[in-house]
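Q: Here are the chains, one letter per residue:
2 protein chains.
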Amino acid sequence: MHSWIPIPANSDFSLRNLPYGVFSTDSLSQRIGTAIGPYVLDLKVMAQEGVFSSIAFDSTTLKSSTLNAYASLDKNVHKAIRQLLVQLLAKDTSLGSALRDNTERKRRVLIPLHDVKMHLPMSIGDYTDFCVVPYHLKNVCLDLTPVRMDLPLAYHGRASSVVVSGTPFRRPKGQVISNNIPTLSATQKLDFEVELAAFIGHGNEMGCLIDVNDAENSIFGIVLLNDWSARDIQFSESTPLGPFNGKNFCTSISPWIVTLDALAPFRTNPLSYSWWLQDNLLSYLDEKEPNSVYNIDIDVSLTGRSSQDSLTDPVLFNCSTRYISFSFAQMLAHHSVGGCPMRSGDLIATGTISGPTRRELGCLLEATKNGTEPYEAQEISPSDGCKLVRTFLEDGDLVEFRARADDGSGLGKVGFGICGGKVLPSI
Amino acid sequence: MHSWIPIPANSDFSLRNLPYGVFSTDSLSQRIGTAIGPYVLDLKVMAQEGVFSSIAFDSTTLKSSTLNAYASLDKNVHKAIRQLLVQLLAKDTSLGSALRDNTERKRRVLIPLHDVKMHLPMSIGDYTDFCVVPYHLKNVCLDLTPVRMDLPLAYHGRASSVVVSGTPFRRPKGQVISNNIPTLSATQKLDFEVELAAFIGHGNEMGCLIDVNDAENSIFGIVLLNDWSARDIQFSESTPLGPFNGKNFCTSISPWIVTLDALAPFRTNPLSYSWWLQDNLLSYLDEKEPNSVYNIDIDVSLTGRSSQDSLTDPVLFNCSTRYISFSFAQMLAHHSVGGCPMRSGDLIATGTISGPTRRELGCLLEATKNGTEPYEAQEISPSDGCKLVRTFLEDGDLVEFRARADDGSGLGKVGFGICGGKVLPSI
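Residue numbers (the UniProt record's numbering), protein chains in the order written: chain A, 1 to 427; chain B, 1 to 427.
Since the hints were derived computationally from the structure, they do not count as laboratory data. Note that the Cβ used here is the ideal one computed from N, Cα and C, for glycine as well. Hints should not be assumed to be uniformly reliable.
[Claimed, not checked] Label-pair ranges, simulated between beta-carbon atoms:
# : chain 1 : residue 1 : chain 2 : residue 2 : range
1 : A       : 426       : B       : 395       : 46 to 56 angstroms
2 : A       : 374       : B       : 213       : 33 to 43 angstroms
3 : B       : 56        : A       : 211       : 53 to 63 angstroms
4 : A       : 426       : B       : 425       : 50 to 60 angstroms
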């Protein structure tokens with residue numbers, strides 16, 4: 001499982017990853033590619049040159065400017081393409097003439113990652129945000145109101161404000177209540193939320209439901225998601241209809257869609273929570289295979305603009321997806337149980353991925369107890385007197401999530417790249 | 001303002017209406033048209049034949065299979081097209097040779113309404129449901145929890161399950177709580193909600209807001225909307241994130257988009273509610289022109305499948321949009337105040353339009369006090385012993401909204417056509 005392409009040990013894009021994305025360069029229009037080590041492999045040109053002609057599928061889907069059509073194909077097509085890509089890129093490939101030993105083609109299809117601009121990988125029809133991490137629910141909601149924890153709670157989010165990593169956004173204005181008086185002001189409680197999200201590949205017709213044990217066939221792959229939140233606006237508006245302007249100003253995702261095939265070695269059983277009874281799961285949520293969540297570490301870094309913020313490695317949190325209590329399959333089964341149709345490109349997210357300790361939380365709301373206890377980033381490499389302390393986000397802050405699955409097998413990491421965004425001042 | 005096309009007095013589609021829709025026939029592919037009396041005028045063919053060549057605009061937008069591109073054009077283009085259509089169709093037209101006296105062209109472009117199949121008029125990116133009718137809020141929410149009434153409350157809805165009038169849907173299954181035990185069952189509390197909804201024509205960039213006094217320029221036009229709701233599912237899931245599966249199984253809209261130009265004669269001032277203080281409106285919601293809502297009557301009829309349901313004219317409710325307290329301009333200003341981007345084809349709805357009397361309510365939840373007091377449809381034309389009584393909807397029920405604005409001026413009605421849907425049994 002090593003490649004003839006030199007892949008640094010710390011690369012997110014080992015040969016066993018092969019995530020899908022949409023990129024462009026100064027000279028190449030928006031197109032589909034896969035990341036391998038320090039390169040993007042141009043799958044449009046590969047398809048145009050007939051490299052996939054041994055596989056029976058509609059190859060125009062790989063020549064599109066989004067992944068929607070390709071993602072909607074049968075899983076077996078995706079598996080066959082993946083297998084062929086691994087063969088083409090493996091050190092001991094028997095297909096050397098198709099790529100490794102074809103200097104001209106390599107020049108055409110292997111583009112340095114640092115030369116490309118990434119785009120939203122799919123046209124997003126609907127975006128749904130779930131709330132399936134019990135620690136987050138416990139920290140945020142349970143004090144306020146009785147909340148059901150025996151089903152994957154969710155709300156519909158805003159698709160039009162989902163942007164690709166690297167897109168800055170303005171601190172939102174909104175209605176904030178102070179001394180019982182609502183005023184319009186820029187949020188003073190700007191926060192992030194660490195989430196994982198699945199892109200739907202193959203959907204369902206309205207009125208039909210997706211069986212929980214078949215639901216993974218509907219999932220094309222997974223990205224990181226930052227559900228930026230304005231807590232003061234959110235709390236002023238959420239009763240009784242849920243979050244709205246407190247959430248819909250921006251949602252960032254990482255550009256590379258990591259497939260479930262790539263994540264298969266990192267499957268794990270959901271944790272059981274002694275304080276949360278999951279025994280009474282209704283049958284439509286009951287999965288035959290219990291190892292339906294993934295073991296992925298997500299680090300949250302914050303780079304501030306002022307000098308006292310300049311830590312060498314300003315890591316705020318180290319999150320883990322093993323705290324997720326409902327799988328994407330369960331989320332899909334719940335979402336469609338009443339007949340709601342899913343379409344290729346729809347996005348479903350986990351909600352904030354918080355763990356039991358303060359270093360494992362997924363948002364500042366929890367870490368600072370709604371701004372009352374400032375939180376300090378850990379200095380991995382301490383430098384003279386520098387520190388970084390926040391209650392909520394400041395203008396100029398750059399927040400980046402980095403995630404990878406790594407089983408220490410030496411076969412390389414399966415990483416997600418960066419999901420980052422910078423806070424611009426309010427207008 | 002009379003047309004050379006014979007238009008029955010009770011037609012929704014007088015010469016001062018000219019709504020936009022997307023239709024097809026057995027021989028014509030999906031295309032844009034306007035309704036005039038008993039006909040659809042094929043605007044694609046009109047554009048192809050150069051009838052609009054005197055107007056400077058991108059005429060390919062009228063040759064599309066959805067209205068998104070055309071709706072995103074400047075309002076002045078829409079006004080010029082409307083003006084030209086009125087000239088072409090007016091009895092005393094000076095442009096007779098372009099249509100009235102051109103028998104061949106009339107044969108090509110005037111298609112009987114009963115021969116066409118209507119489609120969703122726009123590709124819907126995001127759908128948002130507001131809650132801007134104080135009587136509905138008062139009847140449904142105020143007993144339960146303190147709710148803010150000084151801003152247009154809203155939640156994000158599901159775009160993928162918005163369907164055009166006439167599309168049947170299955171009674172949804174979902175989690176229902178009985179004796180504190182959740183079970184998966186078909187909803188026993190299936191309801192409708194009478195709403196008006198605006199389609200966005202010209203949107204805003206992320207991070208920019210839409211000024212309330214400029215917001216009508218962003219609205220292409222208005223449709224009827226039925227936000228079908230499963231009350232038992234909705235109430236089992238709505239805390240703290242709002243409605244989800246209780247709403248996302250189906251939302252119906254009427255096929256014809258009525259423009260604000262057509263509705264201009266029916267503008268009126270919002271009612272003032274003595275029990276609801278609107279004095280403290282924040283300035284971003286403060287409209288210069290107070291006459292920003294419309295006087296439109298909406299009738300709700302229900303046709304059941306059993307014989308005792310067979311009333312001659314089974315009208316349940318007579319609703320009126322004059323009870324709306326925030327205009328679409330105010331909804332848009334609120335929706336975008338934090339920078340949320342609107343795109344052409346986005347849909348924003350009013351929430352249930354209920355009035356002060358039982359006959360003016362917009363859903364069965366209110367009329368039957370959550371199913372505890374059966375409600376009887378009024379017999380406009382009484383027949384022997386027939387009656388129609390409901391707590392919630394039964395399988396086979398056909399619910400239809402019909403709406404029109406009519407100032408009695410003799411210039412004809414501005415109607416919306418039908419927004420209807422039939423309940424199929426659960427699978």
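Q: All the hints need checking, so say for each whether the structure fits it.
A: Hints, one by one, checked against the model:
no. : hint                              : in the structure
1   : A:426 x B:395: 46 to 56 angstroms : 52 angstroms, holds
2   : A:374 x B:213: 33 to 43 angstroms : 42 angstroms, holds
3   : B:56 x A:211: 53 to 63 angstroms  : 55 angstroms, holds
4   : A:426 x B:425: 50 to 60 angstroms : 52 angstroms, holds
The structure fails none of the hints (numbered hints given earlier).
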